[in-house]
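Novice: Below, each chain spelled out in residue letters.
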Amino acid sequence: MKIVRLMLFMVLLLVACTHLPEIRTREDSTAAGRIAACGAIFPHGQWQLVHAIEIFPPAGSKQTVLGIVQLSSEQRTFHCVLMTIEGLVLFEADFDGAVTIQRALPPLDKPGMAEGIVQDISLLFFAPEQPCTAAGLSKDAAWICRYPYADQGQEDVVLQPDGLWEIRRYNQSHRLMRTIAPMAKEDLNAGGLPSRVVLKAHGLGGYELRMSLIEAVPLEN
Amino acid sequence: MKIQWLVPVLALSCVGWADSWEQLKTTASVITSVQAEFVQEKHLPILAKPLVSEGVFYYQATRSLRWEYRWPVRSILTMHDGHVRRFVSTDADSFHEESGPGLEAMQVVVEEITHWLAGRFDDNPMFQSHLEPGKRIVLVPKDGAFQKFIQRIVLNLGQRPGVMQSVTIYESENAFTQLTFKNTVLNAKIEDTLFQEIP
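Sequence lines, in order, name chains A and B.
End of the first sequence sits at 221 in the numbering used here; the numbers just go up one at a time, nothing left out.
End of the second sequence sits at 1199 in the numbering used here; the numbers just go up one at a time, nothing left out.
Hints listed in this document are in silico derivations from the structure and should not be mistaken for laboratory results.
For clarity, every value in this text was computed on a predicted model and none was experimentally measured.
C-beta atoms are modelled at their ideal positions from N, C-alpha and C, and glycine is treated no differently.
Check each hint, because a few of them may be wrong.
Said to hold, decoys possible - Derived DEER-like restraints, expressed as beta-carbon distance ranges:
no., chain 1, residue 1, chain 2, residue 2, range
1, B, 1182, A, 96, 35 to 45 Å
2, B, 1030, A, 111, 47 to 57 Å
3, B, 1174, A, 56, 30 to 40 Å
4, B, 1071, A, 208, 19 to 29 Å
5, B, 1187, A, 96, 30 to 40 Å
6, A, 183, B, 1048, 22 to 32 Å
7, B, 1070, A, 163, 27 to 37 Å
8, B, 1048, A, 53, 54 to 64 Å
9, B, 1082, A, 75, 29 to 39 Å
10, B, 1091, A, 111, 53 to 63 Å
11, B, 1029, A, 202, 38 to 48 Å
12, A, 184, B, 1049, 50 to 60 Å
13, B, 1133, A, 56, 46 to 56 Å
14, B, 1049, A, 119, 33 to 43 Å
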């Protein structure tokens, strides 16, 4: 019973302590350009992207799969496939606002798994749907663009002074749920798509995805 | 003059090596090892162009296999004493053993490949086997649930006895994986360690 109370207290403490990073709002002549730079970290147009994805699950050993996503940034739609290196398709789904699963082999057929995959892909490749509501400098001189979500959560796009960037997704309690960032400065390139990126899911059941870009093919309309 | 005779004699020796299951088994019975390079093309309706991987495989009779991808992701599947293991390298040098999704399915596939290389195309009761003209073998899963994942497998045998030209695994009519083999070497000595040790 004591353990349950202690855990409950810790959960409440965690919730009580969460808050969004403070932004010192700036409305000078550079602000509009910097807000545009926040949106520029996401791919624009139609792309077919192939990644090698190292999955570090909350328990068990690392697994590597290939991920293919065909996306349209304007329509905010994509088709995604996860498969083994040998070519066995484990998961295939469409997203056009709603998720349609074409194929899901165990363990990717668990309830909520498809929605989780789709949310991660959306966070990785789509600019936030709502316009930026706050932008400015953080305490450590990073530029932050803040975007609201329909679920009362927030997304911060953080541009570091050294050229690196980070996406931070908070839930409605301002708890950090996901972070996405290039693994190193060398992974950034002129085309905008980083060659290596890491997605971290925080909290209980957290996991990490390390994604290495194999191929980026622009698609015709 | 002798060479002029040699060509038709060699051609005749290749005729009919794949006319019956028995002939296939007899031909394969003298094969102790196979090694070949392969190109794998993954075709999916959504793909603007097929996803291409390249690698090499080594087989030693009767049940040892090393299936190695060298590009775009370095990965090695080994089977020795019926035990399948997968190793993946995502950095410059080191390989790490992985389990996870698909390995159980790959155990079935790898086991099946060793059957084919041993000329035992009609041994697996899970498949209905058809030997067709043109050195073509079609394997169709008998189980309806299995057919959801693999519709059929088509194997094209080469002109040279004991050599496989390509394997195509159909998940549906327009979603398939095609493996094309080249530079096949038969009966060369392969060290046992190749199936047990990963560099």
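Novice: Against each hint, give a clear statement of whether it holds in the structure.
Specialist: Results for each hint:
no.	hint	verdict
1	1182/B to 96/A: 35 to 45 Å	42 Å, holds
2	1030/B to 111/A: 47 to 57 Å	54 Å, holds
3	1174/B to 56/A: 30 to 40 Å	34 Å, holds
4	1071/B to 208/A: 19 to 29 Å	25 Å, holds
5	1187/B to 96/A: 30 to 40 Å	55 Å, violated
6	183/A to 1048/B: 22 to 32 Å	27 Å, holds
7	1070/B to 163/A: 27 to 37 Å	33 Å, holds
8	1048/B to 53/A: 54 to 64 Å	20 Å, violated
9	1082/B to 75/A: 29 to 39 Å	49 Å, violated
10	1091/B to 111/A: 53 to 63 Å	35 Å, violated
11	1029/B to 202/A: 38 to 48 Å	59 Å, violated
12	184/A to 1049/B: 50 to 60 Å	29 Å, violated
13	1133/B to 56/A: 46 to 56 Å	51 Å, holds
14	1049/B to 119/A: 33 to 43 Å	28 Å, violated
The structure does not agree with the numbered hints 5, 8, 9, 10, 11, 12 and 14 stated previously, though it agrees with the rest.
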